[in-house]
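Visitor: Modelling step: build the complete structure from the supplied sequences, incorporating the hints.
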Amino acid sequence: MRGPVSRNGVAMGVYTVQQLLAQGISTSTISRRSRSGELVRLLPKVYATEKPDYFGLCLGATLWRPDAALSHESAAWLWGLIQYEPRLVDVTVGPTGQSRSVPWIRVHRRVLGDTTTRRGMRVVSLEQTFVDVATCLSTPDLEKFFDNAIDNHVPWRRVAELCDTAKGMDGMAAVRKQLRTCCPRTLSEPERVVARALKARHFTMEINARVGRFYGDLVDFSARVIVEIDGREFHTDPATFNNDRRRQNELVLDGWLVLRYSAATALAELDRVVDEIITVVRRRRKSIAATGRRLPLLQS
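For the sequence shown, the working numbering assigns the number 481 to the initial residue and increments by one for each residue that follows.
Honestly, the hints are just simulated from the structure, not real lab data. These numbers were taken from a predicted model, which means no experiment stands behind them. Glycine included, each C-beta is placed from N, C-alpha and C at the ideal position. Please note that a few of the clues may not be correct.
To be verified - Using 27 Å as the maximum straight-line C-alpha spacing, the simulated BS3-like pairs for lysine-lysine come out as follows:
1. 647 x 679
2. 679 x 624
3. 657 x 624
4. 657 x 647
5. 679 x 657
6. 624 x 647
7. 657 x 525
Unchecked claim - What follows is a set of in silico ranges between Cβ atoms, one per label pair, in the way DEER data are often shown:
8. 564 x 735: 42 to 48 Å
9. 721 x 756: 22 to 28 Å
10. 667 x 766: 27 to 33 Å
11. 532 x 711: 55 to 61 Å
Guide: Take a look at the structure:
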């Protein structure tokens, strides 16, 4: 088995001075290698054997502040809730003590609750991460975060339970709002925007719901209406186009009304699209209730 890549007898990575001394490297050697660029000084008494990536920066921050836990966007990155690498490393420490920092570390203060270890570093809990990011993301980014992360990474109920037990914590009001309005399971940005706009009007449709052997982007079972938000591929790929038409014909023959909007139309004319969806669904609900029709669902 191949051993770790090393430079001058030191495995590549991030170390405290104490760790380097324990490897037999003297203080004078550390200073010399730092001046020559063989070691990169990240923080007081923390060095890297090469320019670190974001993981290395997170590790350096936790070595510098052993009392800290990675939080906010850094925790979201470690938990896999976001794919981009944040601009800063976020750490949370207790409410008292020294507050000095460096430009690429953002220090937050509060009483630390439950923490865990992820990839060898101390990090706030998955549920706490949702509260933390609510204090540092813009509203549009926070909406995307919740829509992508809730239910895909953690059940809605677990975050709601934290809201009940940690009342008054910074960011909690924004979290409660997102839990009320989030639209998980959306598969595209136009679909997410339409679902959010409907929910803002207190009109909810099931997202990516199964209808027999098919799935609909947005579905209302009582009105038997399916809303489809079509991307460009539906107009350029002949096989997809033809399969989609066969699918729609089968649904229509089974009593479903299928409303179709291009992604461009849904984004450019959002209010009109939402008005039309709500009007059609409500009209269909009343019609079905008045006639007493109970058409069978497609068999799976």
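Visitor: Are the hints correct? Go through all of them and say.
Guide: Evaluated hints:
The hinted pair formed by residue 647 and residue 679 meets the criterion: a straight-line CA distance of about 25 Å does not exceed 27 Å. Taking the CA atoms of residue 679 and residue 624, the gap is about 15 Å. The hint holds against a cut of 27 Å. Proposed proximity of residue 657 and residue 624 is supported: the alpha carbons are some 13 Å apart, at most 27 Å. Distance restraint check for residue 657 and residue 647: the Cα-Cα separation of roughly 14 Å lies within the 27 Å cut-off, and the hinted pair is therefore satisfied.
About 12 Å separates the Cα atoms of residue 679 and residue 657, which keeps this hinted pair within 27 Å; it holds. Proximity of residue 624 to residue 647 is assessed by CA-CA distance (about 24 Å); at most 27 Å being required, the pair is judged to hold. Of the pairs offered as hints, the one joining residue 657 and residue 525 is violated, with about 43 Å between alpha carbons and a cut-off of 27 Å exceeded. Distance hint check for residue 564 and residue 735: the Cβ-Cβ separation is about 44 Å, which falls inside the suggested range of 42 to 48 Å.
At roughly 23 Å, the beta carbons of residue 721 and residue 756 sit within the given window of 22 to 28 Å. In this structure, residue 667 and residue 766 meet the distance hint of 27 to 33 Å, their C-beta atoms being roughly 30 Å apart. Between residue 532 and residue 711 the CB atoms are about 38 Å apart, so this pair departs from the stated range of 55 to 61 Å.
Comparing the model with each earlier hint shows violations of hints 7, 11; every other hint is respected.
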